[in-house]
Amino acid sequence: MSSQAIGIDLGTTFSAVAYVNQHNVPEIIPNAHGDRITPSVILFDNDKQIIGIEAEKNAMAYAGQVAQFIKRHMGDPGYRFNYKDKSYTAIELSSLLIKNLKEGAQKRLNQEEIKYAVITVPAYFGQKERKATIEAGERAGLKVLKIINEPTAAAVAYGLNHRGSKKRCLVYDLGGGTFDVTIIEIQDNVIRVRSTEGDPKLGGKDWDDRLMEHVINHFQETYPEEEPLNDKSILHDLRARCTSAKFDLTQRPETRIIVTYRNKPLRLTITREDFENLTKDLLERTLEKTQTALKAAKYTADEIDTVLLVGGSTRMPMVRRNIREMFKQEPSTEINPDECVALGAALTAALAAALESGKEAPIDIKTKDVAVHSLGMAAYQDGTLFNNVIIRKNTTIPFEHTVTNFANTHNGQSMMNLWMLQGDSINPLECTALGHFEFYGIPPRKSLESKISVTYRYNQNGIVELEARDIETDKVLSHRISSEKYSLHDVINDNIPAHVAIIIDCSGSMYGEALESAKVATRRFIEKNMNPNCSFAIFKTQSTKAIAGPTYDPAKLSKALNEVVAIGKSTLHRPLQAARRALKNRGSIFVIISDGYLSRAEDAQKECAKIRKTGGRIFAISVGPNPDKESIKSLCVTDEDYAEAYDTLSIKHALNNILTRIER
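Numbered according to my numbering, the sequence shown terminates at residue 665, and the numbering increases by one at each position without gaps.
By construction, these hints were calculated from the structure, which means they are not laboratory data. Please read these numbers as outputs of a predicted model, since none were measured by experiment. Keep in mind that a hint or two might mislead.
Stated by the list, open to error - Pairwise CB distance ranges (calculated):
id, residue 1, residue 2, range
1, Thr-456, His-34, 46 to 52 Å
2, Lys-367, Thr-639, 32 to 38 Å
3, Glu-466, Phe-248, 41 to 47 Å
4, Pro-31, Lys-367, 47 to 53 Å
5, Arg-263, Glu-55, 36 to 42 Å
6, Ala-64, Pro-31, 26 to 32 Å
7, Ala-434, Pro-31, 38 to 44 Å
8, Asp-554, Glu-114, 54 to 60 Å
9, Lys-87, Ala-556, 17 to 23 Å
To be verified - No farther apart than 25 Å at their CA atoms in a straight line, the calculated lysine-lysine pairs in the BS3-like style are these:
id, residue 1, residue 2
10, Lys-233, Lys-265
11, Lys-296, Lys-394
12, Lys-570, Lys-476
13, Lys-85, Lys-116
14, Lys-611, Lys-476
15, Lys-58, Lys-85
16, Lys-85, Lys-100
17, Lys-299, Lys-168
18, Lys-634, Lys-570
19, Lys-85, Lys-167
20, Lys-611, Lys-452
21, Lys-85, Lys-233
22, Lys-296, Lys-329
23, Lys-560, Lys-653
Every residue, glycine too, gets a C-beta built ideally from N, C-alpha and C.
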């Protein structure tokens, strides 16, 4: 690996990039303007994107063209920044920031191309945000060797000069948009995280917002007829003035904010005491998280040797004063709060690059991070859904745990599903749902005979990985995120959508009472069980598509049943194939009503196998005075999925029994 590896601190308000130089010392790479940090701001100007200080300076003049605070939207699939006829996701915007940092580093280091990077994330970022960060790096043309938690990166930068010692450190990381607090042990060359707490929606921006609200309230009291909140340009200007005032109050006891809107001026004096009273509750939230992290690490404040302040927002006097009071010591000034995360990322990148290339590591530092969220699954106990925690928060990662007590609940079941959760609460609705996962390809067996193991894993990036195996064959099962559009709330309230395909044999041998009884029974069954959470589709032999559905409209289904007449041969494999495709990936129910005199029976059996492979359940009802029972049974896994019926009443009874078994 000849290309230089870089460390990137991708921040909410500012970003930085660093590398390890020829003396094995981490060093910040200045941008094109010679600045050591770059505003995380993008200005869209026709086909160009202007990034950094120029974008920040022009935010007021081009308010609708400026994207900022992008990091707060990472992992949010609904976020879009719109400019002209194009829409940008947070991943796409972040990739532009990363690409700008990469290209600036290439010029400064005289590298033709930089291919490798470690990117930092807030410790309290979850699964979606972490994956989004990696994707943003990849879109910028980098191979992301690792993502590392920001407090851990800061500790790496600090630990470089304290190898061989033994220290207990607390990293208080208050950035522009996020907050983390991490307890770390440094012993010899090992940096071990003991606990982490945080809030991905709390940072210096929130202090700015409070000051903005205060100024706007005063303006509207002075000029009640004005609505400055509707003007993006004035809001950008006011944000810049309030951020500047916040910086002023770090050095001085008071400052003045001057705002003019529609030729109406406001001059407002803000004291440091005013500012601290406005934002007192924000600081208290960080201190509460700090106490929680100490408790999780089983430390008291007196047992902490060093407090490291990370992030530009820690320069506020209220932060340093309260930290000093809590820990009875001065916070360390050994590392630069704006740069230490990028420096630690650079050290981590150099180590990761050496490991990948098989070369000797340039420095001797090891890190052991933790899972910042408990990992669990939704499970039932006494009829109530709860969060069954598999991996506890603050477990050292990478880590995996295998659960072996899964079994199939019904005959022929070839798919198993589970809800993955992140969070500590026993209530699933108070956790973050990572997804509704479907594992498929389980060999068809009788109920409870398929034993499945599921391995839950946090990798080194704090990203969740899942693996399921069929224990008997030791085969790894394929898995996917369910395409069903329902939530855990729907599960708890029994609002899970069901999809039922009814395939009716209308070959010549079904002519007369057998077919008429099947039609009447099917119509009554649908009318009784139709609800907003259950759709039906009707297929007939000789058909390559549904004659009705999937639909929730009983009138459409009833009309279609009227058109079913007995004619020709029973080529059952065609409607089965059509039903499988129409209800694809839905774990649906397929009910076959036939007298069993099938043309190309083997093809029908193959289609049934394909349906089961994708999680479908197949039931069959033989009808008529002299059905070929063995032919119908061959479509099912066990006799329990087969029923015999002779008239309308018995067909309806068989259909109701199927529904009862599904619900059970």
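Going down the list of hints, with the structure as the test:
Judged by the Cβ atoms, the range 46 to 52 Å given for Thr-456 and His-34 holds: they are separated by roughly 49 Å. Between Lys-367 and Thr-639 the beta carbons are some 54 Å apart, a value that contradicts the proposed interval 32 to 38 Å. At roughly 43 Å, the beta-carbon separation of Glu-466 and Phe-248 lies within the given 41 to 47 Å, and the hint holds. Roughly 30 Å separates the CB atoms of Pro-31 and Lys-367, a value that falls outside the hinted 47 to 53 Å.
The hinted range of 36 to 42 Å is not satisfied by Arg-263 and Glu-55, whose Cβ atoms lie roughly 28 Å apart. With their beta carbons about 29 Å apart, Ala-64 and Pro-31 fall inside the hinted range of 26 to 32 Å. The supplied range of 38 to 44 Å is met by Ala-434 and Pro-31, whose beta-carbon atoms lie about 43 Å from each other. Evaluation of the 54 to 60 Å hint for Asp-554 and Glu-114 yields a pass: the beta carbon distance comes to about 59 Å.
About 44 Å separates the C-beta atoms of Lys-87 and Ala-556, a value inconsistent with the hinted range of 17 to 23 Å. A C-alpha spacing of about 17 Å is found between Lys-233 and Lys-265, which places the hinted pair at or below 25 Å, so the restraint holds. At most 25 Å may separate the alpha-carbon atoms for a hinted pair to count; Lys-296 and Lys-394 meet this at roughly 13 Å. For the given pair, Lys-570 sits about 40 Å from Lys-476 by alpha-carbon distance, which is inconsistent with the 25 Å threshold.
With a CA separation close to 32 Å, the supplied pair Lys-85 and Lys-116 exceeds the 25 Å bound. Using a Cα cut-off of 25 Å, the hinted pair Lys-611 and Lys-476 holds, with the two alpha carbons roughly 18 Å apart. For the suggested pair Lys-58 and Lys-85, the alpha carbons sit about 21 Å apart, so the restraint of at most 25 Å is met. Between Lys-85 and Lys-100 the CA atoms are separated by roughly 22 Å; this keeps the pair inside 25 Å, and the hint holds.
This hinted pair checks out: Lys-299 and Lys-168 have alpha carbons roughly 15 Å apart, not beyond 25 Å. A hinted pair counts as satisfied when its Cα atoms are at most 25 Å apart, and Lys-634 with Lys-570 qualifies at roughly 19 Å. Proximity of Lys-85 to Lys-167 is assessed by CA-CA distance (about 56 Å); at most 25 Å being required, the pair is judged violated. In summary, the hint linking Lys-611 to Lys-452 is supported, as the alpha carbons are separated by about 21 Å, within the 25 Å threshold.
Proposed proximity of Lys-85 and Lys-233 is supported: the alpha carbons are some 17 Å apart, at most 25 Å. Among the hinted pairs, Lys-296 with Lys-329 is consistent with the structure: their alpha-carbon atoms are about 18 Å apart, no more than 25 Å. Of the pairs offered as hints, the one joining Lys-560 and Lys-653 holds, with about 19 Å between alpha carbons and a cut-off of 25 Å not exceeded.
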